[in-house]
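Chemist: Sequence:
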Amino acid sequence: MKKVIDILFSNQDLKYKDFHSSLVPNVDKDRFIGVRTPTLRSIAKDMIKDGSYKEFIKELPHYYYEENTLHSCILSLYKDLDELLVELDIFLPYIDNWATCDLLKSKAFEKDQNRILDKVKEWIHTKEVYSVRFGIVTLLSFYLDDYFSDEINDIVLNINSSEYYINMAIAWYFSYALIKQYDRTIDIFKEKRLNKWIHNKSIQKAIESYRVDNDKKNYLRSLKIK
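Residue numbering for the sequence shown follows this note's numbering, beginning at 204 and increasing consecutively.
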């Protein structure tokens with residue numbers, strides 16, 4: 204652990220620490236070292252190569268934000284789906300911010316979409332905010348193209364939470380659903396099936412996308428709840 208922390212501090216950028224910590228306000232600034240994401244990814248690759256990651260990921264909970272984010276980078280490199288799912292169930296409850304959560308993406312998920320969908324259903328029914336968010340972001344990342352079905356929208360639609368970072372993820376998901384699966388998503392907005400904040404935030408984010416044409420943008424504006 205000391206070796207890893209020494210490596211992280213050797214890559215410290217104090218200006219970046221000030222900037223990035225302001226984007227993750229629910230984590231105390233003292234827990235930030237100030238290491239850029241590409242550097243964390245590079246460190247993760249080196250630890251996978253030399254095997255040092257095995258001890259590091261056992262040392263939970265981590266203290267520094269960058270330790271948690273490095274942990275996410277390491278798991279994102281896993282190729283064995285069985286091993287990845289075991290480690291995710293261990294690590295997800297320790298995630299305490301949106302950035303560490305959203306960085307965790309593994310191509311191993313593409314090996315068994317049905318199995319991952321079952322895991323998503325488990326994650327979104329936990330009491331951990333970032334396990335729920337991780338489930339939503341997984342659907343956004345892997346299920347809005349070839350593996351999309353109306354069930355995917357329904358899973359997210361049925362999440363009921365007062366947590367800001369969950370509701371923001373829901374809005375992010377539906378903005379992408381409007382971009383990628385407009386015809387199968389627009390009725391949710393016509394029928395106003397989301398709460399006002401998520402409804403309007405989803406439309407706002409979709410309108411900001413260059414992938415939505417002007418006619419659709421104008422129509423989405425007309426659907427905003429005042």
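Since the hints were derived computationally from the structure, they do not count as laboratory data. Idealized CB from N, CA, C, for every residue including glycine. Hints are not guaranteed to be accurate.
In silico DSSO-like pairs for lysine-lysine, Cα to Cα no more than 27 Å straight-line [claimed, not checked]:
| # | residue 1 | residue 2 |
| --- | --- | --- |
| 1 | Lys205 | Lys252 |
| 2 | Lys395 | Lys308 |
| 3 | Lys419 | Lys393 |
| 4 | Lys308 | Lys324 |
| 5 | Lys218 | Lys248 |
| 6 | Lys330 | Lys399 |
| 7 | Lys218 | Lys206 |
Using C-beta positions, here's what the derived DEER-type ranges look like [claimed, not checked]:
| # | residue 1 | residue 2 | range |
| --- | --- | --- | --- |
| 8 | Ile293 | Tyr350 | 49 to 57 Å |
| 9 | Asn398 | Asp349 | 46 to 54 Å |
| 10 | Asp348 | Ile293 | 23 to 31 Å |
| 11 | Glu331 | Lys429 | 20 to 28 Å |
| 12 | Asp221 | Ser412 | 24 to 32 Å |
| 13 | Ser364 | Arg424 | 21 to 29 Å |
| 14 | Lys232 | Lys429 | 23 to 31 Å |
| 15 | Lys330 | Lys218 | 32 to 40 Å |
Chemist: Now tell me if each hint is right for this structure.
Modeler: Verification of the hints:
1. Lys205 <-> Lys252: 19 Å, holds
2. Lys395 <-> Lys308: 31 Å, violated
3. Lys419 <-> Lys393: 13 Å, holds
4. Lys308 <-> Lys324: 17 Å, holds
5. Lys218 <-> Lys248: Judged against 27 Å, a Cα distance of about 25 Å means the pair holds.
6. Lys330 <-> Lys399: Satisfied, since the Cα-Cα distance of roughly 23 Å is no more than 27 Å.
7. Lys218 <-> Lys206: 23 Å, holds
8. Ile293 <-> Tyr350: 49 to 57 Å: Since isoleucine 293 and tyrosine 350 have Cβ atoms about 26 Å apart, the given range 49 to 57 Å is violated.
9. Asn398 <-> Asp349: 46 to 54 Å: 30 Å, violated
10. Asp348 <-> Ile293: 23 to 31 Å: 29 Å, holds
11. Glu331 <-> Lys429: 20 to 28 Å: 35 Å, violated
12. Asp221 <-> Ser412: 24 to 32 Å: 30 Å, holds
13. Ser364 <-> Arg424: 21 to 29 Å: 27 Å, holds
14. Lys232 <-> Lys429: 23 to 31 Å: 38 Å, violated
15. Lys330 <-> Lys218: 32 to 40 Å: For lysine 218 against lysine 330, whose Cβ atoms are near 37 Å apart, the range 32 to 40 Å holds.
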